[in-house]
Amino acid sequence: MTDVLGALTASLRAAIHDLAPDFRGDVQVQEVPADKPGDYGSPVAFTLARTLRRPPPQIAADIVARLQVPQGVAAADAVGAYINFRLDAGAFVRGVVTGAARPQAAERRKVVVEHTSVNPNKEAHVGHLRNIVLGDATARILRAAGHQVEVQNYIDDTGRQAAESIFAVTYFQTRYDAPSNGSPRKYDHWLGELYVRLGQAKETDGEAIERGVNEVMHRLERGELRHEVERVVRAQLETFNALGAEYDLLVWESDVVQAGFLDQGLEVLKNSRYTSRPTEGKYAGALVMDVSEFLPGLEEPNIVLVRSDGNAMYVAKDIGYQFWKAGLFEGLGFERFAVQPSGSPLYTSSPNGELHPDGRTFANADEIINVIDVRQSHPQTIVRTALALAEDPRAQKAHENSHHLAYEVVTLEGRAMSGRKGITLSIDEVTVEATRRARAVVEEKNPGLADIDEVARAVGIGALRFGMLKSEAKRMIDFRWNQALSLQGDSAPYVQYAHARACSILRAAEGAGLSVASAEERADMDALGPLEVKLAQVLARYPRVVETAAEELAPHQVAQYALDLATAWNSYYNHKDTSGRPDTQVLKAEPGLREARLLLVDAVRRGLADTLDLLGIAAPIEM
RNA sequence: GCGCCCGUAGCUCAGCCGGAUAGAGCGUUCGCCUCCGGAGCGAAAGGCCACAGGUUCGAAUCCUGUCGGGCGCACCA
Numbered sequence: 001m002t003d004v005l006g007a008l009t010a011s012l013r014a015a016i017h018d019l020a021p022d023f024r025g026d027v028q029v030q031e032v033p034a035d036k037p038g039d040y041g042s043p044v045a046f047t048l049a050r051t052l053r054r055p056p057p058q059i060a061a062d063i064v065a066r067l068q069v070p071q072g073v074a075a076a077d078a079v080g081a082y083i084n085f086r087l088d089a090g091a092f093v094r095g096v097v098t099g100a101a102r103p104q105a106a107e108r109r110k111v112v113v114e115h116t117s118v119n120p121n122k123e124a125h126v127g128h129l130r131n132i133v134l135g136d137a138t139a140r141i142l143r144a145a146g147h148q149v150e151v152q153n154y155i156d157d158t159g160r161q162a163a164e165s166i167f168a169v170t171y172f173q174t175r176y177d178a179p180s181n182g183s184p185r186k187y188d189h190w191l192g193e194l195y196v197r198l199g200q201a202k203e204t205d206g207e208a209i210e211r212g213v214n215e216v217m218h219r220l221e222r223g224e225l226r227h228e229v230e231r232v233v234r235a236q237l238e239t240f241n242a243l244g245a246e247y248d249l250l251v252w253e254s255d256v257v258q259a260g261f262l263d264q265g266l267e268v269l270k271n272s273r274y275t276s277r278p279t280e281g282k283y284a285g286a287l288v289m290d291v292s293e294f295l296p297g298l299e300e301p302n303i304v305l306v307r308s309d310g311n312a313m314y315v316a317k318d319i320g321y322q323f324w325k326a327g328l329f330e331g332l333g334f335e336r337f338a339v340q341p342s343g344s345p346l347y348t349s350s351p352n353g354e355l356h357p358d359g360r361t362f363a364n365a366d367e368i369i370n371v372i373d374v375r376q377s378h379p380q381t382i383v384r385t386a387l388a389l390a391e392d393p394r395a396q397k398a399h400e401n402s403h404h405l406a407y408e409v410v411t412l413e414g415r416a417m418s419g420r421k422g423i424t425l426s427i428d429e430v431t432v433e434a435t436r437r438a439r440a441v442v443e444e445k446n447p448g449l450a451d452i453d454e455v456a457r458a459v460g461i462g463a464l465r466f467g468m469l470k471s472e473a474k475r476m477i478d479f480r481w482n483q484a485l486s487l488q489g490d491s492a493p494y495v496q497y498a499h500a501r502a503c504s505i506l507r508a509a510e511g512a513g514l515s516v517a518s519a520e521e522r523a524d525m526d527a528l529g530p531l532e533v534k535l536a537q538v539l540a541r542y543p544r545v546v547e548t549a550a551e552e553l554a555p556h557q558v559a560q561y562a563l564d565l566a567t568a569w570n571s572y573y574n575h576k577d578t579s580g581r582p583d584t585q586v587l588k589a590e591p592g593l594r595e596a597r598l599l600l601v602d603a604v605r606r607g608l609a610d611t612l613d614l615l616g617i618a619a620p621i622e623m
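Okay, so the first sequence: first residue is 1 according to our numbering, each after it adds one.
Derived by calculation from the structure, the hints in this document are not laboratory data.
Virtual Cβ for every residue (Gly too), placed ideally from N, Cα, C.
Wrong hints could be hidden among the right ones.
To be verified - No more than 27 Å apart at the CA atoms, straight line, and that leaves these computed lysine-lysine pairs for DSSO-like: (1) 534 - 588; (2) 588 - 576; (3) 270 - 397; (4) 110 - 397; (5) 445 - 470; (6) 421 - 202; (7) 186 - 202; (8) 282 - 270; (9) 534 - 36; (10) 474 - 110; (11) 186 - 421; (12) 421 - 474.
What the hints assert, rightly or not - Okay, the calculated beta carbon distance ranges per label pair: (13) 588 - 416: 53 to 59 Å; (14) 285 - 483: 50 to 56 Å; (15) 413 - 297: 35 to 41 Å.
Assemble the whole structure, with the sequences as input and the hints as a guide.
This is the structure we're talking about:
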């Protein structure tokens, strides 16, 4: 059907074309401030003043005189230099509740989003929480904008950290007791503690530990300890799934190397004129890459890819991985790894896997998004730059379409977290506490509720996720219990509550024999007024919000919109006439108006649920 | 030193590819359940939008500089 905003812009353009045929500028249409006449307005007359050399109010009047207002718009008036539109309430709200406008990305692309990528050697902490939630929400938003999204989680199974944890088990001659044995601790937590203890033991027994860890690293590279790592990965996945995050694919570093992506990547780069193998100087024997042409101003433009001892740097492996994401290489095999809570399969790279399990093709992305904290900007820039200096058109294209979604760090009550030192707060601990607090409130507010555990989880974890998403990624977050788990104000529960309230009305309507389906026939949309228009205008923003949030990789815009919609709805719901009586009631309104309002409430309900879903937050129908 | 990011109400933040009187939440004060859910709503108080220049009909928004803060610049990741 019609998109009123789009139609308004088009009709303005048509009218402007008469006056200024050469005008190519932007024609904005925005919501009008509360106390000004009209619903939408445009300041375009200001912009035209320069070329037409006439006062903006005159131009506004001229445009209004020529304007053919589109359907759904009652009138256009010049208000000073602004051109304001009064909406036809019935037609406008009808358009909105029937979902006239849907998010639509400019072109559908295959987008690979890599996020989480927690070292497989300890439990995930609240710093990782931000990564997971940000990546997950971004993937959801991109999907809603119409893209094909593949979420990858990289497992650094050959790194030092994994080696240390695994070595710690033998070093301390201990073994994991299953939870039934009176030790309720998850495997990743248990292992993480050994990791921290090993760090301390290095002070007195450093050499032996160093030898042992190195040996484990070699065994990891040969893939001998895959099961040990897998055990941690599975424990961590429980945490991620509990947060509502799911993945399409686990990519193991050892597999990336074994598939030859490291070597192939290096081969591509070696053929470039930007890499060299100095025979003297401080880089003698190493393979270095000169990025000065692409990143001017660096003090040290030479990046070591392969050390003089022959070992590849981490960034070199990352480059191989990135090249594969972009579709330059093939040869990684996959198999099914798990079934996730939603029922969707999780695949993993595997030495014995198939290229196309269940007919699926991984990677080969048009667009690559790496969700990593801002401190990784330097290596991320190098990975991206490597694409630019590989002389391959696909790499060039991937260079342009690679993004580092950088987010600032999360501190803990003002202090930097450190997994190595054990200064952390685990996600598991936080989700348990969040759920506990939410449950206490639900019990108090809604004692008879049936699915109390499920609702408490939705509210508690929703609050956590929302807190991680509501402000821009480049903002630092200081994790504080009371703030993170707040159930009121600018929070997920605020939005969830608004949703539950809308559900409650629809339930009551159903009980009175009034269904949404039947309302569609009997609704008298023309009985609606300015209050409904105001609410519908917020609903009408939804498609643009999704589109720009996807384009700008900015989930916080969706979170802010969720608050706006909930506020608009709460405000409508509580509205009173001048004598102080409620004047927006649904069920007690006269027939016709009643059904029309019911349709609007249903649209609000859907809008809130959809918006929360983009953030990975559940919308309980009662709470 | 060089590079990136930040500076908006007491605190935490929206608003930033220029547009109407700068908006929320928390906190403070007052009011609202005879009304479909008070986890809510309404109102008050609280702002040289760090500072100084510039561009513009118009600047929190763009440009330059200054000050203050954070992060990054390894043959670590």
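How the hints compare with the structure:
no., hint, verdict
1, 534 - 588, "21 Å, holds"
2, 588 - 576, "14 Å, holds"
3, 270 - 397, "20 Å, holds"
4, 110 - 397, "13 Å, holds"
5, 445 - 470, "26 Å, holds"
6, 421 - 202, "12 Å, holds"
7, 186 - 202, "25 Å, holds"
8, 282 - 270, "19 Å, holds"
9, 534 - 36, "13 Å, holds"
10, 474 - 110, "26 Å, holds"
11, 186 - 421, "19 Å, holds"
12, 421 - 474, "25 Å, holds"
13, 588 - 416: 53 to 59 Å, "56 Å, holds"
14, 285 - 483: 50 to 56 Å, "52 Å, holds"
15, 413 - 297: 35 to 41 Å, "37 Å, holds"
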